[in-house]
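Engineer: If you want the building blocks of each chain, they are given just below.
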Amino acid sequence: ETGVTQSPTHLIKTRGQQVTLRCSSQSGHNTVSWYQQALGQGPQFIFQYYREEENGRGNFPPRFSGLQFPNYSSELNVNALELDDSALYLCASSWEGLLNTGELFFGEGSRLTVL
Amino acid sequence: SQKIEQNSEALNIQEGKTATLTCNYTNYSPAYLQWYRQDPGRGPVFLLLIRENEKEKRKERLKVTFDTTLKQSLFHITASQPADSATYLCALKGGSGNTGKLIFGQGTTLQVKP
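Going down the list, the sequences are from chains A and B. Here the first sequence is numbered in our numbering, starting from 1 and rising by one per residue. Here the second sequence is numbered in our numbering, starting from 1001 and rising by one per residue.
The set of hints was computed from the structure by calculation and includes no laboratory data. Check the hints yourself; a few may be wrong.
[As the list claims (entries may be wrong)] Coverage of chain A stretches by chain B, computed from C-beta distances (three or more under 8 angstroms per stretch; other residues unrestricted):
{"hint": "1", "segment": "45 to 58"}
{"hint": "2", "segment": "67 to 73"}
{"hint": "3", "segment": "102 to 115"}
[As the list claims (entries may be wrong)] Here are the simulated EDC-like pairs of lysine to aspartate or glutamate, each with C-alpha atoms no more than 16 angstroms apart in a straight line:
{"hint": "4", "chain 1": "B", "residue 1": "Lys1063", "chain 2": "B", "residue 2": "Asp1084"}
{"hint": "5", "chain 1": "A", "residue 1": "Lys13", "chain 2": "A", "residue 2": "Asp84"}
{"hint": "6", "chain 1": "B", "residue 1": "Lys1071", "chain 2": "B", "residue 2": "Glu1052"}
{"hint": "7", "chain 1": "B", "residue 1": "Lys1101", "chain 2": "A", "residue 2": "Glu54"}
{"hint": "8", "chain 1": "B", "residue 1": "Lys1057", "chain 2": "B", "residue 2": "Asp1067"}
{"hint": "9", "chain 1": "A", "residue 1": "Lys13", "chain 2": "A", "residue 2": "Glu103"}
{"hint": "10", "chain 1": "A", "residue 1": "Lys13", "chain 2": "A", "residue 2": "Glu82"}
{"hint": "11", "chain 1": "B", "residue 1": "Lys1071", "chain 2": "B", "residue 2": "Glu1015"}
{"hint": "12", "chain 1": "B", "residue 1": "Lys1101", "chain 2": "A", "residue 2": "Glu96"}
{"hint": "13", "chain 1": "B", "residue 1": "Lys1101", "chain 2": "A", "residue 2": "Glu53"}
{"hint": "14", "chain 1": "B", "residue 1": "Lys1113", "chain 2": "B", "residue 2": "Glu1015"}
{"hint": "15", "chain 1": "B", "residue 1": "Lys1101", "chain 2": "A", "residue 2": "Glu103"}
[Stated by the list, open to error] Facing chain A, according to a computed beta carbon distance under 10 angstroms, are these residues of chain B, among others:
{"hint": "16", "residue": "Ile1004"}
{"hint": "17", "residue": "Tyr1032"}
{"hint": "18", "residue": "Arg1042"}
{"hint": "19", "residue": "Cys1090"}
{"hint": "20", "residue": "Ala1091"}
{"hint": "21", "residue": "Lys1101"}
{"hint": "22", "residue": "Phe1104"}
{"hint": "23", "residue": "Val1112"}
Glycine included, every Cβ here is placed at the ideal spot set by N, Cα and C.
Please model the complete structure; the sequences and the hints are all you need to start from.
Structural biologist: Have a look at this one:
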């Protein structure tokens, strides 16, 4: 089991609402990335944060935003929720720098349902 | 555009046999390729990473090959067990930086029957 924790584990929202998902990175990691995984699909990269700044973004609209805090924990915010936002949201932490192994450590995810 | 494809159909095999999963990619030159295991409702768990200059890598009952000419990776589980039943994801990274930016395939579900 990794040291990455996510909350909440499950939540239900209605269309148009806003949601905040939280992630606590594994100790010693300086990078956090977020993924969206629809049912039956592989995870899709949303964005990555390194030293509190976004340094990579996938094909997601601006209503998907995030934050990384000095302790390397992170938030994913989604505004104006749409039905298609229903998915498992995964947080992954890693070490970016020398001796980078490339391995990602995933949390168990937050299951979002939009009605 | 970049594309990664894994066997879309579930793979069913008998316990003790070798499972072989395929990952093909196009329009991509990855620095390395990774394989993850994902159980239902859980996050993916890292299994193996193979770099572009490596042909084969092993870890216990797992073996991964990487053919950059064919643009294909094969993932083998020898002496498979029912506990190996899960979805297996391949993921690619290209270029430098952005460790967390991986492109995943859709995954192949493996079912090992006793």
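Engineer: Honestly, which of those hints from before does the structure not fit?
Structural biologist: As far as the earlier hints go, 2, 9, 11 and 23 are violated by this structure, in ascending order.
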